[in-house]
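**Q** Sequence:
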Amino acid sequence: MTAGYVIAAKAGLGILIVGILYLDIPRQMARNFGFNEVPGANSIPWLRLKGIRDFATGAVDLARRC
1 MTAGYVIAAK AGLGILIVGI LYLDIPRQMA RNFGFNEVPG ANSIPWLRLK GIRDFATGAV
61 DLARRC
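Numbering (the working numbering) for the sequence shown: 1 to 66.
No lab work stands behind these hints, which were simulated from the structure alone.
C-beta atoms are modelled at their ideal positions from N, C-alpha and C, and glycine is treated no differently.
Among the clues, some could well be false.
[To be verified] FRET-style restraints, in silico, Cβ to Cβ:
(1) 1 <-> 45: 36 to 42 Å
(2) 59 <-> 6: 17 to 23 Å
(3) 59 <-> 3: 44 to 50 Å
(4) 59 <-> 25: 18 to 24 Å
(5) 45 <-> 10: 27 to 33 Å
(6) 36 <-> 7: 30 to 36 Å
(7) 6 <-> 34: 24 to 30 Å
Whole structure, please, built from the sequences with the hints as guidance.
**A** Pasting the structure below:
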């Protein structure tokens with residue numbers, strides 16, 4: 001296992017965790033991401049969609065490395 005492999009695996013795990021957090025606490029994650037204002041309730045579906053995308057990206061990345 002090379003250093004590049006380990007770094008890429010950690011990046012995939014990080015994206016997976018971000019996806020989980022966007023699914024669990026979308027408004028807090030949007031604030032942590034850097035939005036000046038907390039998005040309203042009507043933006044939660046879009047934030048959760050981002051969570052699904054990030055979760056899937058991280059899961060695929062980790063699955064390819066195992």
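**Q** Each of the hints needs a verdict: does it hold here or not?
**A** Hint by hint, here is what the structure shows:
Separated by about 39 Å at the C-beta atoms, residue 1 and residue 45 satisfy the suggested range of 36 to 42 Å. A C-beta distance of roughly 18 Å is found between residue 59 and residue 6, which places it inside the suggested range of 17 to 23 Å. Our hint of 44 to 50 Å for residue 59 and residue 3 is violated, since their Cβ atoms are close to 23 Å apart. A C-beta distance of roughly 19 Å is found between residue 59 and residue 25, which places it inside the suggested range of 18 to 24 Å.
At roughly 30 Å, the beta-carbon separation of residue 45 and residue 10 lies within the given 27 to 33 Å, and the hint holds. Residue 36 and residue 7 have their C-beta atoms about 32 Å apart, which keeps the hinted 30 to 36 Å range intact. A C-beta distance of roughly 28 Å is found between residue 6 and residue 34, which places it inside the suggested range of 24 to 30 Å.
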